[in-house]
Amino acid sequence: MNIHEYQAKEILASFDIPVPRGRVTLTADQAERATKMLGGRSVVKAQIYAGGRGKAGGVQVAYHPEQAHEIAKELFGKRLVTHQTGPEGLKVRRILIEETVEVGSEFYLSITLDRQTSRYCLIASSEGGVNIEEVAAHTPEKIHTLTIDPYTGLRSYEARSIALKLGLKGSVAEDCVQLMLNLFRCCLEKDCSLVEINPLVVTKAGWLLALDAKINFDDNAIFRHWEYHEMQDYSQMDPLEISAGKFDLAYIKLDGNIGCMVNGAGLAMATLDVLKENGGNPANFLDVGGGATREKVAEAFRIILQDNEVEAVFVNIFGGIMRCDIIAQGIIEAAGDGKCSLPIVVRMDGSMVEEGKELLLGSGLNVQCADALGEGAKLIVEMMQKNANNA
Amino acid sequence: MSILINKDSKIIVQGITGKTGMFHTRECREYGTNIVAGVTPGKGGIHVDGIPVFDTVEEAVRLTGGNVSMIFVPPPGAADAILEACDADVDLAVCITEGVPVRDMVMARQVVADSNTKLIGPNCPGLITPGECKVGIMPGYIHQPGKIGVISRSGTLTYEAVKQLTDAGLGQSTCVGIGGDPIIGLKFIDVLELFNNDPDTDGVLMIGEIGGSAEEEAAEWIKENMTKPVASFIAGVTAPPGKRMGHAGAIISGGKGRAEDKIATLKACGVSVATSPTGMGAAMLEALGK
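Chains as they are written, first to last, in our numbering: chain A, 1 to 391; chain B, 1 to 290.
The following block holds chain A by itself, in its conformation from the complex (with noise of 0.2 Å):
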């Protein structure tokens, strides 16, 4: 799960890491106001769930109060392009006007799941406040990664290793130990699978500060965690990837025309793949879940049929212990009350197979069945062309 900027700003300020001073603000008038509180001069950072928004004229210096008013009043309501976002944008609709800083040096810093360790691990580096994913690609030499012991967590002696790696020296490493020990106490407690700080700097009076953050919470753990509902933001988020996560289903919109619902991920995956084999291309990523059940089923076909691209729909469940006709009542069930003529291909494999294929070819919906992968996706695709050509 996502949050702004500011948020993790909030979250990290509670963890006792300085931050710069700020404000977030809803209208253009707001930002003003917010800069001549901040003493005239702020920077006006625009508020969406992506990266890349400096070189998108989505974080500026405003000079005076009024150029604060006509920033954000250029940037409220306008679509930013990052390479993050997609060619489509995303909608600025919240702006964090932030003291300016004078920046003395400017460092990175992250804690983050290390899969190959199985462990959490921090990553540091001198190159603050660029991609660190060129510079580990570029200067490997300039990253300083720590793997944290599970049963000890981060010792300060370890943290200290890191500060003194990247430079910092007397009270500003010391005061870098203690931030190091408060990001991996936040990690835990908040369940994060992200704290990233970039650029954490020394400014020109010798004090850290957070000037740029991002966290990412750890889904499977949203359960433990009440207040990260109240702190997503809906408009940053696609509206059938919404409404499919209210029934705990993983829906990702695709550029296609294909819809697919699918039981598992990797099944899910491999669906796509073989549709765009046959020269298909799909409409949308979707995981019903391993044992999906008949109101799911239904659920995830509905949200297929929303997407106005969808000009055919192509199923895949490999149930195995799940009945197929009950599977195949779903799909009627939410086919028929949109009173869809779409060419739908239904590949079923699991127990009452042939129970639900009857019931599908019964149902009056434009539908055919496949047993096997590949001959599906060709059959979809085949389908799809003779609507082309009829109309």
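Hint data in this document are derived by calculation from the structure and do not stem from the laboratory.
To be clear about the criterion: a stretch of chain A counts as covered by chain B if any three or more of its residues have a C-beta under 8 Å from a C-beta of chain B, and this derived list gives those stretches:
| # | stretch |
| --- | --- |
| 1 | 109-117 |
| 2 | 188-196 |
| 3 | 211-223 |
| 4 | 258-265 |
| 5 | 271-284 |
| 6 | 367-375 |
Some residues of chain B that are not near chain A, with every Cβ distance over 10 Å (derived):
| # | residue |
| --- | --- |
| 7 | K10 |
| 8 | V36 |
| 9 | I46 |
| 10 | D91 |
| 11 | Q144 |
| 12 | K147 |
| 13 | W221 |
| 14 | E224 |
| 15 | P229 |
| 16 | A268 |
| 17 | C269 |
| 18 | G289 |
| 19 | K290 |
Every residue gets a Cβ at the ideal spot worked out from N, C-alpha and C, and that includes glycine.
Based on these hints, arrange chain B on the given structure of chain A.
Using the frame of chain A, we list chain B on its own:
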């Protein structure tokens, strides 16, 4: 022969009185699995289909001799259930539960790694030695006893693979679903090593997906150590970067975890890679030189 489980395995089900636990206990038993006990705190003393239920794993192990635990405990208590199984010194704990918090697993995995217990999962379909023992939620009927080992990060995609193997006349020694989470017990390499040492496994089918670097690490290990042919398939060739495809681990981020890189590394290490998910059985036949 087989790996990890066989006809002599005695299974304990943690979370046996829950809806899912009870359903799959019956399915496993119907397949022929020897389920000796169930564990649900607070329900010790009752029976489920004649299977005695205990309050603790320790008691279940002591009184029934169970050596494998199948875990259906919901996410908030799943890591605790793994630790309890480990503390009771079972040989193998198989955690089917989906949605276990990562922080809990980081600690649980470390404790398991320092013990004699092996862990499979969480968020996995479990494992099966066809014709002998099923500890998991996979459909038994698609399997056939034989000599191919199967390892996979995915659930239903494994069923697809197994069906293709069976259709191609290739039976399986043991099929292991290691799970799709970022933190899991046994990884590809651990299971590859077990198959490599199993005299009754002739070849291995390894099914991976985008995200992480486990497939690349496995490929290097295969090149150095594996004496048996390996075939593979990687799901997500067409997945767009930055989008998490269902599994917590399945994401291409920062240019890492791409399918093409994994496929290239596997091929360079002598693995036969199926380019299409419909060709997994054929890739295994090719690897075996058939």
